[in-house]
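In the order they appear, the protein sequences are chains A and B. Take the first sequence: its letters are residues 1 to 790, numbered as in this note's numbering. Take the second sequence: its letters are residues 1 to 300, numbered as in this note's numbering.
Just to be clear, a hint being listed does not mean it is correct.
What the hints assert, rightly or not - Here are the simulated lysine to aspartate or glutamate pairs, EDC-like style, with alpha carbons at most 16 angstroms apart: (1) K721(A) - E736(A); (2) K60(A) - E94(A); (3) K403(A) - D425(A); (4) K50(B) - D79(B); (5) K193(B) - E133(A); (6) K193(B) - D130(A); (7) K187(B) - E94(A); (8) K460(A) - E499(A); (9) K50(B) - E108(B); (10) K187(B) - D130(A); (11) K67(B) - E31(B); (12) K429(A) - E476(A).
Because the hints were derived from the structure by calculation, they are not lab data. In this text the structure is predicted, and so the values were computed from the model without any measurement.
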Amino acid sequence: MISDGVVEDEEKWLSAGIAGLQQNAFYMHRALDSNNLKDALKYSAQMLSELRTSRLSPHKYYELYMRAFDELRKLEIFFKEEATRGCSIVELYELVQHAGNILPRLYLLCTAGSVYIKSKEAPAKDVLKDLVEMCRGIQHPLRGLFLRSYLSQVSRDKLPDIGSEYEGDADTVIDAVEFVLQNFTEMNKLWVRMQHQGPAREKDKRGKERGELRDLVGKNLHVLSQIEGVDLEMYKEIVLPRVLEQTVNCKDELAQYYLMDCIIQVFPDEYHLQTLETLLNACPQLQASVDVKTVLSRLMERLSNYAASGPEVLHEFFQVEAFAKLNSAISKVIEAQENMPIAGVVTLYASLLTFTLQVHPDRLDYVDQILGACVMKLSGREKLDDSKATKQIVALLSAPLEKYKDIDTALKLSNYPRIMECLNDGSHKEMANVIVQNIMKNKTCISTAEKVDALFELIKGLIRDLDGDSHDELDEDFIEEQNSVARLIQMLHSDDPDEMLKVIQTVRKHILTGGRKRLPYTVPPLIFSSLQLVRRLERQDESVSGDEAPTTPKKIFQLVTQTIEALASIPVPELALGLYLQCAEAANDCDLEPVAYEFFTQAYILYEEEITDSKTQVTSIHLIIGTLQRMHIFGVENRDALTHKATGYSAKLLKKPDQCRAVYACSHLFWLDDHDSIRDGERVLLCLKRALRIANAVQQMTNATRGSSGSALLFIEILNKYLYFYEKGVSQITVESIHDLSKLIKNEMHGGSSPSDPAADAFLASTLRYIQFQKDKGGAVGDKYMLITN
Amino acid sequence: MNYIIGAFKPACSITISLADGNSRKQVALKENGKTVLIPIFHNQETISGKISIEPILGKKVEHNGIKVELLGQIEMYFDRSNFYDFTSLVRELDIPGEICERKTFPFEFSTVEMPYETYNGANVRLRYVLKVSICRNYGGGIVEYQDFVVQNYSPPPSINNSIKMEVGIEDCLHIEFEYNKSKYHLKDVIVGKIYFLLVRIKIKNMDLEIRRRESTGSGSNTHVETETLAKFELMDGAPVRGESIPVRLFLSPYELAPTYSNINNKFSVKYYLNLVLVDEEDRRYFKQQEINMYRLSETS
Numbered sequence: 001m002i003s004d005g006v007v008e009d010e011e012k013w014l015s016a017g018i019a020g021l022q023q024n025a026f027y028m029h030r031a032l033d034s035n036n037l038k039d040a041l042k043y044s045a046q047m048l049s050e051l052r053t054s055r056l057s058p059h060k061y062y063e064l065y066m067r068a069f070d071e072l073r074k075l076e077i078f079f080k081e082e083a084t085r086g087c088s089i090v091e092l093y094e095l096v097q098h099a100g101n102i103l104p105r106l107y108l109l110c111t112a113g114s115v116y117i118k119s120k121e122a123p124a125k126d127v128l129k130d131l132v133e134m135c136r137g138i139q140h141p142l143r144g145l146f147l148r149s150y151l152s153q154v155s156r157d158k159l160p161d162i163g164s165e166y167e168g169d170a171d172t173v174i175d176a177v178e179f180v181l182q183n184f185t186e187m188n189k190l191w192v193r194m195q196h197q198g199p200a201r202e203k204d205k206r207g208k209e210r211g212e213l214r215d216l217v218g219k220n221l222h223v224l225s226q227i228e229g230v231d232l233e234m235y236k237e238i239v240l241p242r243v244l245e246q247t248v249n250c251k252d253e254l255a256q257y258y259l260m261d262c263i264i265q266v267f268p269d270e271y272h273l274q275t276l277e278t279l280l281n282a283c284p285q286l287q288a289s290v291d292v293k294t295v296l297s298r299l300m301e302r303l304s305n306y307a308a309s310g311p312e313v314l315h316e317f318f319q320v321e322a323f324a325k326l327n328s329a330i331s332k333v334i335e336a337q338e339n340m341p342i343a344g345v346v347t348l349y350a351s352l353l354t355f356t357l358q359v360h361p362d363r364l365d366y367v368d369q370i371l372g373a374c375v376m377k378l379s380g381r382e383k384l385d386d387s388k389a390t391k392q393i394v395a396l397l398s399a400p401l402e403k404y405k406d407i408d409t410a411l412k413l414s415n416y417p418r419i420m421e422c423l424n425d426g427s428h429k430e431m432a433n434v435i436v437q438n439i440m441k442n443k444t445c446i447s448t449a450e451k452v453d454a455l456f457e458l459i460k461g462l463i464r465d466l467d468g469d470s471h472d473e474l475d476e477d478f479i480e481e482q483n484s485v486a487r488l489i490q491m492l493h494s495d496d497p498d499e500m501l502k503v504i505q506t507v508r509k510h511i512l513t514g515g516r517k518r519l520p521y522t523v524p525p526l527i528f529s530s531l532q533l534v535r536r537l538e539r540q541d542e543s544v545s546g547d548e549a550p551t552t553p554k555k556i557f558q559l560v561t562q563t564i565e566a567l568a569s570i571p572v573p574e575l576a577l578g579l580y581l582q583c584a585e586a587a588n589d590c591d592l593e594p595v596a597y598e599f600f601t602q603a604y605i606l607y608e609e610e611i612t613d614s615k616t617q618v619t620s621i622h623l624i625i626g627t628l629q630r631m632h633i634f635g636v637e638n639r640d641a642l643t644h645k646a647t648g649y650s651a652k653l654l655k656k657p658d659q660c661r662a663v664y665a666c667s668h669l670f671w672l673d674d675h676d677s678i679r680d681g682e683r684v685l686l687c688l689k690r691a692l693r694i695a696n697a698v699q700q701m702t703n704a705t706r707g708s709s710g711s712a713l714l715f716i717e718i719l720n721k722y723l724y725f726y727e728k729g730v731s732q733i734t735v736e737s738i739h740d741l742s743k744l745i746k747n748e749m750h751g752g753s754s755p756s757d758p759a760a761d762a763f764l765a766s767t768l769r770y771i772q773f774q775k776d777k778g779g780a781v782g783d784k785y786m787l788i789t790n
Numbered sequence: 001m002n003y004i005i006g007a008f009k010p011a012c013s014i015t016i017s018l019a020d021g022n023s024r025k026q027v028a029l030k031e032n033g034k035t036v037l038i039p040i041f042h043n044q045e046t047i048s049g050k051i052s053i054e055p056i057l058g059k060k061v062e063h064n065g066i067k068v069e070l071l072g073q074i075e076m077y078f079d080r081s082n083f084y085d086f087t088s089l090v091r092e093l094d095i096p097g098e099i100c101e102r103k104t105f106p107f108e109f110s111t112v113e114m115p116y117e118t119y120n121g122a123n124v125r126l127r128y129v130l131k132v133s134i135c136r137n138y139g140g141g142i143v144e145y146q147d148f149v150v151q152n153y154s155p156p157p158s159i160n161n162s163i164k165m166e167v168g169i170e171d172c173l174h175i176e177f178e179y180n181k182s183k184y185h186l187k188d189v190i191v192g193k194i195y196f197l198l199v200r201i202k203i204k205n206m207d208l209e210i211r212r213r214e215s216t217g218s219g220s221n222t223h224v225e226t227e228t229l230a231k232f233e234l235m236d237g238a239p240v241r242g243e244s245i246p247v248r249l250f251l252s253p254y255e256l257a258p259t260y261s262n263i264n265n266k267f268s269v270k271y272y273l274n275l276v277l278v279d280e281e282d283r284r285y286f287k288q289q290e291i292n293m294y295r296l297s298e299t300s
């Protein structure tokens with residue numbers, strides 16, 4: 001309520017002020033129109049008296065000021081005309097000073113001064129000096145700021161800059177600079193003073209209001225940066241020291257932060273680089289509450305961008321030893337500001353790091369040094385829980401990765417893992433993820449066991465539970481992470497098999513610590529990686545691989561076996577089974593029959609003991625059959641044992657259709673095209689017939705339970721097997737048997753009781769189409785097909 | 001020049017015309033609400049001219065003699081009846097006789113001592129006047145006055161020190177001020193500086209006033225009248241320690257006169273610069289400093 005009242009009152013005062021201003025402006029216009037200088041001065045002074053109010057907030061005061069400003073433009077034009085009409089500008093300059101009230105007087109003086117400079121009757125520098133001196137009369141912060149802002153505004157295009165028409169004799173730029181600097185200094189003093197005047201309870205409000213006014217002060221720095229004559233030399237010798245002196249001495253948090261930022265933003269990067277020391281030395285001298293880290297970060301950001309602008313500027317950085325200076329400045333600031341939150345410290349180092357990576361990409365020692373400094377700050381504390389700080393650390397650690405696109409480099413940094421240590425588990429994981437993503441994005445190849453060890457140590461957050469309380473639910477993030485790790489494992493590669501083996505051993509060491517949640521994700525890629533190595537060895541040197549070689553397929557298989565056994569503790573038998581079969585196949589390729597047999601045995605044991613779910617059984621049996629079919633190293637005995645078992649398993653499946661399918665799949669185990677010893681047509685036929693029997697049984701069961709016969713799908717599938725083996729030339733598969741089967745299918749499909757099954761119809765149709773196709777193709781196979789009549 | 005006489009329709013009209021009346025500088029003075037232009041003279045100038053007496057048509061004026069007087073008078077307002085003539089010079093224009101027609105008499109007061117300036121103050125007036133009297137036995141004398149103004153130039157003072165002073169209230173306010181001179185001519189500019197050494201009060205603004213202190217009479221009869229002739233704002237807002245505020249006050253817009261000290265033992269006029277600081281509770285803190293005013297020859 002109270003504040004509402006204040007706002008309302010303020011509106012009232014503002015409109016009263018505007019009304020007064022407009023009224024006097026009206027009389028002033030009349031005086032201007034009738035060329036009445038005396039009246040013009042009188043009414044303009046009265047008009048400007050409205051600006052003497054203390055009741056308006058900066059925002060509202062600005063509104064009033066802008067109106068006065070517009071009117072003063074008209075007065076200025078009038079003054080110019082007066083001057084051309086023969087009125088002495090010097091007299092005019094005196095005349096405006098007769099006004100009794102100081103604020104109107106000084107506004108008029110600035111206006112007349114502007115015309116005075118334009119007339120060139122006096123050197124610009126003298127007039128400017130006088131104006132800026134006289135403005136000291138306004139000590140009220142708000143009114144003073146606006147008055148000086150007006151002065152700055154009217155004088156902007158009249159500074160005796162190099163190349164300006166107001167340029168005087170030698171060293172005239174210095175006058176322009178002095179003028180702006182003085183105005184700046186005074187404005188800043190007023191601005192700072194605002195904070196300390198008035199009741200303490202309105203401190204926050206004042207802070208806010210000051211925020212609104214800051215650009216008035218900052219504009220001076222902008223003007224300075226626009227002065228042509230401010231070259232590096234002058235910036236270094238005069239401008240910067242003076243601005244910094246004011247900044248440091250004003251001891252005001254808001255002003256220091258704003259001005260430092262302003263300096264950094266308005267002056268060219270090149271100047272910053274050349275005056276780095278001066279600029280940085282000011283930082284520790286700022287108030288402890290000033291957000292120096294942001295200031296420095298911005299500076300480094302700008303310098304980084306500057307460095308990125310082209311290689312030709314880099315030598316400037318080397319010349320001024322930018323890194324050393326920034327580095328020492330940062331430590332000083334951190335030292336000076338004891339209360340700086342750790343997030344701030346890390347932000348600073350992160351900025352420095354970005355800078356270093358940009359400017360000294362070749363100096364890994366610098367990077368390590370920064371990380372080391374950071375470790376110093378972080379160590380001896382609790383693990384960080386501050387989300388801001390950890391975020392910054394992640395940024396800090398990501399920077400080198402992004403720059404070098406190569407984890408190798410990061411692994412060379414001795415302090416890198418030490419910083420990782422400081423992270424809490426959550427962010428450690430996050431960082432590890434960043435690293436892994438980076439490796440994958442850049443397709444970095446990590447090729448030595450040592451590096452792999454370091455890397456896995458680094459990303460241990462992903463590899464194992466860091467704290468005791470591991471939660472059991474597998475959320476999406478976790479799966480995502482583990483998939484990443486799996487992909488990472490695939491990326492590890494060394495051309496040297498011995499080294500590769502070491503890599504695998506290292507990875508194994510790490511992933512085995514991962515616990516039951518992770519193993520299902522991490523073991524398979526390791527196994528495949530190992531098998532890949534096995535095949536590579538096999539391909540590479542069948543002759544050379546003597547017993548002396550440290551890396552032999554046998555050794556690897558031992559390793560692999562042990563690894564898969566680790567899965568046993570977690571009930572993921574189907575995965576282990578799949579892996580065993582993969583291994584068996586690899587062993588097959590290496591001609592290691594006993595090894596392959598052992599793998600199969602393991603797979604069978606798993607099948608028998610662990611896989612109880614019927615669905616899993618089905619997929620597993622098909623896997624077994626498929627793998628077994630491809631094995632060619634087994635002797636007759638071994639093979640018989642294995643195939644026998646497989647067919648046995650098939651027949652014992654729970655669901656009949658599954659049984660049927662498994663059994664006809666088994667038929668392939670007895671007929672291998674490229675293997676003369678395995679061509680047992682009898683047993684093929686036996687399998688198929690058995691499958692047919694089961695299919696029949698299925699139909700009868702359906703009839704019994706549903707009252708109608710089921711789909712003929714199974715029959716069609718079996719027909720396809722018949723056709724396959726017929727085509728392969730298995731003599732036991734006769735044309736007649738195919739005919740019989742076709743007939744059976746037709747009966748089944750057109751029997752009244754069977755519901756139509758579109759899948760079966762389509763399957764049959766394409767099967768028939770295939771037969772027709774083979775007939776049409778002709779040749780030996782075509783001839784065989786010609787015998788089949790539909 | 002004299003219109004008033006004609007209105008009363010006395011026996012004759014007297015016209016006083018000064019020798020260089022057209023070329024002489026004049027000053028506008030307000031008298032009875034009217035602005036009249038009055039010629040300016042300086043000390044030791046010769047005042048000469050003509051006086052013509054013209055009887056009303058067909059009349060003749062008998063007289064016991066005609067004279068012209070140059071009077072320097074001091075008039076105290078609280079003692080209106082008394083004029084103190086500090087200068088009185090007489091020239092006989094005519095011996096007793098009669099005037100039948102217009103008659104013109106030349107006159108001259110050469111190198112007249114007029115050490116004091118014409119002054120119109122709050123309680124005192126110093127004037128110079130030419131008085132023409134036609135003495136008659138009956139019907140009273142016929143008198144005509146012509147005022148003129150005396151202004152005296154002073155050379156620029158050979159010693160003109162600045163005024164510099166540190167003043168204050170202990171632990172509350174300490175300032176140091178400096179005015180560039182102690183003696184100013186009437187169109188001068190006061191330039192100076194106010195330096196704040198200690199500020200513990202909330203100052204609202206600071207003014208510089210020019211005050212005129214006129215003292216008349218002597219002893220227990222002394223009357224002092226102080227007038228503020230100018231009020232000029234020097235500063236707006238509260239300064240902090242170390243601020244210095246510039247002073248630049250042009251004297252020309254104000255109606256000032258030189259400092260007069262002990263004019264004919266009757267009165268003195270002094271000028272003061274009064275520096276006034278006003279705090280937020282409208283308390284005034286001030287320090288007054290005398291300055292010496294003088295009239296500088298406009299040509300020099």
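Right, here's what the structure says about each hint:
The suggested pairing of K721(A) with E736(A) holds, with an alpha-carbon distance near 15 angstroms, which does not exceed 16 angstroms. Taken as a hint, the K60(A) and E94(A) pair is broken in the structure, with Cα atoms around 32 angstroms apart against an allowance of 16 angstroms. Restraint check for K403(A) and D425(A): not satisfied, since their Cα atoms lie roughly 25 angstroms apart, outside the 16 angstroms limit. As the CA atoms of K50(B) and D79(B) are separated by approximately 34 angstroms, the hinted pair breaks the 16 angstroms bound.
As the CA atoms of K193(B) and E133(A) are separated by approximately 11 angstroms, the hinted pair is consistent with the 16 angstroms bound. Distance hint between K193(B) and D130(A) is fulfilled; the C-alpha atoms sit about 14 angstroms from each other, no more than 16 angstroms. Among the hinted pairs, K187(B) with E94(A) is consistent with the structure: their alpha-carbon atoms are about 12 angstroms apart, no more than 16 angstroms. Under the criterion of a C-alpha separation no larger than 16 angstroms, the hint pairing K460(A) with E499(A) is inconsistent with the structure, at around 22 angstroms.
Distance check on the hinted pair: K50(B) and E108(B) sit about 9 angstroms apart at the alpha-carbon level, within 16 angstroms; holds. Restraint check for K187(B) and D130(A): the C-alpha separation of about 21 angstroms exceeds 16 angstroms, so the hint is violated. Of the supplied pair hints, the one linking K67(B) and E31(B) is violated, its CA atoms being roughly 26 angstroms apart against a limit of 16 angstroms. At roughly 14 angstroms between alpha-carbon atoms, K429(A) and E476(A) fall within 16 angstroms of each other, so this suggested pair holds.
The structure does not agree with the numbered hints 2, 3, 4, 8, 10 and 11 stated previously, though it agrees with the rest.
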